[in-house]
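With the hints as your guide, set chain B onto chain A.
What follows is the residue order along each chain.
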Amino acid sequence: MTTWQPVLLANVNRPNSEKITTYLAHGGYEALRKTLKMSPDQVIAEVKASGLRGRGGAGFPTGAKWGFIPKDAPVKYLAVNTDEGEPGTFKDRLIVERDPHAILEGVIIASYAVGAHRAFVYIRGEFFLGVKRWIKAIADAYQYGFLGKNILESGFDLDVSLHRGAGAYICGEETAMIESLEGKRGEPRLKPPYPAQAGIWGQPTVVQNCETLVNIPHIIGRGAAWFASIGTEQSRGPKIFCVSGHVNRPGNYELPLGTPLREIIYEHAGGVRMGRSVKAVIPGGASTPFLTADKLDVPMAFETLAAAGSALGTGAVVVMDETTDMVEVARRVMSFYVHESCGRCVPCRLGGHNMLHELDIIASGQGKRANLARLEALTRGIPGITFCPLGTGMCEPVASGLKLFRSEFEERVS
Amino acid sequence: MPDLVTLTVDDVKVTVPAGTLVVDAAKAAGIEIPIFCSHPKLDPLGACRMCLVEFVGPRGSKLDTACTVRVSEGMTVRTSTEQVKAVREANLGFILINHPLDCPICDKGGECPLQDQTMAYGAGVSQFVEAKRQKQKHYPISDLILLDQERCILCWRCIRYLDEWEDKPQIGLFERGGETVIDTFPGQPVDAATSGNIIDICPVGALTNRVSRFRFRPWELKKTPSVCTLCPVGCNLRLDERVHELRRIVARENLAVNDEWLCDKGRFLHQYVDHPERLRTPLVRDAAGEALRPATWDEALHRVIEKLGDIADTNGANALGGIASARVSNEAAYLFQKFFRALVGANNIDFADGSAVKAQPTGLSAIADIAKSDLIVLVGFDPSEAAPVLDLHIKRAARRAGAKLLVINPRRIALAKYPGAYLPVLPGGEAWDLNGLATALQAARAANQAGSKPAPAPTGKAKLETKVAVMAELRPAYDLLAAAKAPLFIYGPDAARGQLGKLAVTALSNLAVALGFGDRLAYVGAEANSQGARDMGLLSDTLPGHQPVTDAAVRERLGKLWGVQPPAEPGQSYAAMAAGGVKALYVMGANPAATVAGAEALHKLDFLVVQDLFLTETAQLADVVLPATSFAEADGTYTNLERRVQRGPQGIKPAGESQADWAILAALAEKWLASQTVDTGEVSKAIEQPDWKKKRRKIKAGPAPKPWNYPTAQAVLDEIGKAVPPYASLRWDALGEAGVQWSTSALVRAPRRVEPVDVAPIAAAPAGSFTLVSGPLLWDNGPLMPYGAEQVRKLTPTPFVALNPADLTMAALAEGRQVTVTSAYGNVTLTLKADASVQPGTAWVPANLAGAPAETLGAVRGEPVSVAVKLV
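Going down the list, the protein sequences come from chains A and B.
Okay, so the first sequence: first residue is 1 according to the working numbering, each after it adds one.
Okay, so the second sequence: first residue is 1 according to the working numbering, each after it adds one.
Looking at chain A on its own, in the form it has when it is part of the complex (with noise of 0.2 Å):
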């Protein structure tokens, strides 16, 4: 079993953990204090050794994003992407309630490394808990002088403020934060241009997800070294798995990344419920595709789950054990993402729905092999062709679905 003592997650159980006077107690902002000695290039060398890649689920390389912000654009912008919805995360809900200051001293670094004096929080709706923190966070560090003009009179300035989400999924996708940020209805932009060319009100913009920058202060703090001699050959540092699902203790859990699955399972999460055996698991997320139980040796890092078949997605953890039924799930998740389809594009739109309608058929036993073969063309028709990853996404679990249990599927149509 791995041992890894938590950096990420080292506050979150302290009591009062989400006070600024804990967080400093326990060496924060010092890593702050190193950034504003070092020049922005070389803030961005750094993270670019590190070998970070983006935790949101796309597992960009960030130091590789920094640079990308052109250096002569009068204004940029930051946003950090809390609008935690992906089925299964809940990873940086935990960090915006019980650390919001371990994510706020890495926007502040980011910001001083891009050369940004404005940055928005995105932060998701529902989360009451987190908003209340982080109004409190960013008072606090105005206070404290790491926030506004002439921050730790290092003559770098800037101005933090939060926006609230109203409910849609498709927000969590970079530039739907942005117009939602920008107070137009939350729909995808077309790409190019690229947020780092053109992001809020037209401005180059870096858009980082939460977990993301919680690593930056240490990757600073500590060194590039020792966060690149964490993980596997492409996937560095540690990593939050949200376990969820037949579990006996779902939770966070941090652990470097290339833990395998079944470590995972059966030694942090306590294993399957009632000592059943698993039956599948969803390892990143839910548009990442299944995995069965004789993958459970995969190690959890970007490169492998991708060799796997599926990929790591967000790192959240979907444990599904021997009863359970995947004609079901199927349905469950494609109702979810119908739900979320913004509505932009024709196939995600109507032919999500499509989908779901065909589940619906197929999952009261009233289906044909009729509505198992439509299912199983649109699945093949959609991916690739919607505006964004959404309509692709809510494929992915139907797909892997009927490719590895067709014969749950086919036994409920006559």
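Below, a list of computed lysine-lysine pairs in the DSSO-like style, where the Cα atoms sit at most 30 Å apart: (1) B:Lys-132 / A:Lys-368; (2) A:Lys-403 / B:Lys-62; (3) B:Lys-417 / B:Lys-404; (4) A:Lys-191 / A:Lys-48; (5) A:Lys-191 / B:Lys-62; (6) B:Lys-85 / A:Lys-191.
Away from chain A, derived, C-beta distances all over 10 Å, residues of chain B: (7) Val-56; (8) Phe-214; (9) Ala-414; (10) Pro-711; (11) Gly-851.
Just so you know, the hints here were simulated from the structure itself, not pulled from any lab data.
In this text the structure is predicted, and so the values were computed from the model without any measurement.
Idealized CB from N, CA, C, for every residue including glycine.
Here is chain B on its own, set in the frame of chain A:
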């Protein structure tokens, strides 16, 4: 010079400018990629996924939307692979899941892209047997447009049009996913002035025209390309006729004029053409006090000739006058002035805002110049109300090209919200401010040239950087003007009437000349053919081709053409004629009796002829009424605000016996000429002839007028080419469907010199009273509005006066109350409104409301009028 890019679309190599979208490049290669959400005039969206095509790259081919991807060198695109076909079929299948397929009762059926593409690319059979989703049907989003949410395929074209062109995002998406619908915002119907364009661009029948709804099937229509005659933009449109009724008007693309847009007035105000109250026969009044009775053309025209002849014989030619309208065609305007100048022998010809306005004869250099200007100066001109499609172009320039707007107007017009400056002025006070700016700019220019002799700017124009004392309130305007590299100056009649207007126009002209942009100064009149009417010499002091009547050489040239020279003395103006300066008046398309005072003056006339479409207040007083055709029923040409002469061909059979304005004038002239020839041969037939045909007049001494021989409107245009030099090459065929701009020349050109002006500031109205401000309103009660469809008539407000909210509070008046507004010229009862766009101390009464309140109060006299506002 744009870089060119060569790509391959389905094995066809095509070279297009860099930045072109693949869908347009394919079109250039002759390959159609089906689209719904994509539209050449709107920003790419990529929502419908219909245009997915295969892009062949080094790592295999991938699907992407042709409407969002821009071309790159060496790109290879495949538009008809099995994969592409499957995607199209699937997308159409999805779209049709909830589409009601009620094509047999849908207005769009027959010209519907969804129908066409389903036939071309669809599966042919439906896979779905389930019930369709139900949404709101035939549900009004405005008085003019109905929405059917079930037919809607969510292409966002309407949303994007209203946002990108109108800057009025009044339609939005509501709900999410499969529940998504388009709708208006609560309590806010669509009121954009060009909202009807969303009907044209809707790719399905989701948005339908409430005026034309269920009145046509597209394939049964006879379609005639024509132009709009409701404002001077001259938007290109199409007349859709069926069984002798004008069923619908749609926009026709002309990139130089209206792009592919129409305003709602142009689109929806057409039922007057088929209105039951149209005059269908001539009417005559046999004696004062008797009612008008129907008559034949022969009788009516003879009555006109006889009476006009008698009055001319007794009182001289100067006792006859003609008031026309600038709505009529060039042909009608030309023959009208020719009738008076060559046959009657008087220059008593004018139209409203004719000789009373100092108009720059060259019009706008080009509508296309709006997009190329960095500063647009609007003086006494409100495009949003007076010329909505021009307004679209200006908003586009402000939002997309960074043009600044300098608005000089008594009212904070809608366009004043764009970057630039707003300079409030009192009516008649424009000259003072303009002269201040012109003087300061001239001084700065002189100082720069005389002083350190800075190197000339690349444009050759001196930089205007020297600090010049400018009144503080003029400073923002001065800075804009001094910084402008490509300004455009447009003024309207409201700033140009009367003596004060002349000063204002001279000051504005000086301003333009001082900046070196005299050729970018334009006057835009109120009526559709204001420019043409001036070109034709429909003015008391100006001959065809903008030459003064005092010019002997021009008179001689016209004398050769007409057989008789026009008189050398300037004639009477509209105001003089309407106030009793003549004994007989011929009114073509105008309505001087709209005000009580105007009607009283006409009562004193010995003889009044009115030629119009309807029995207007003026026609009701007439001795002879001649029924004229509308623009849709006769050939004619119209010259728009950028000097573009455009064809308006006949698209529908004339109502009753009505005739084209020019044809009536030609027939009248023929009878006039015949009446002057003593024909003894006629006497033998006298017994069979009624009395009115017997009378003959003696030929006057001097040269005889040449006979009028105009078989067609085109023949009139041919003669216009001889009389009006800039029209020399403008034959009907040469005009084509897009029209031709006439060229300025040495004779008709932009101002080049600064003329000294002597102006004094205008005093504000005395305490307790307000300065009257008037101006155009799109949905006024203009001559044709009362005969429009009910939905259109509804848009005209109850006559009102608006005050600044602060004034309202100060005077302890409440919005909605009835008030009496009194000026030195009359009084009217109006509903009181509060309007922040009205400047404190002024009272806004739009022109042409029912009962002509603004005109009654003296608003169009070109002088400041103060009014008192009292509760009834």
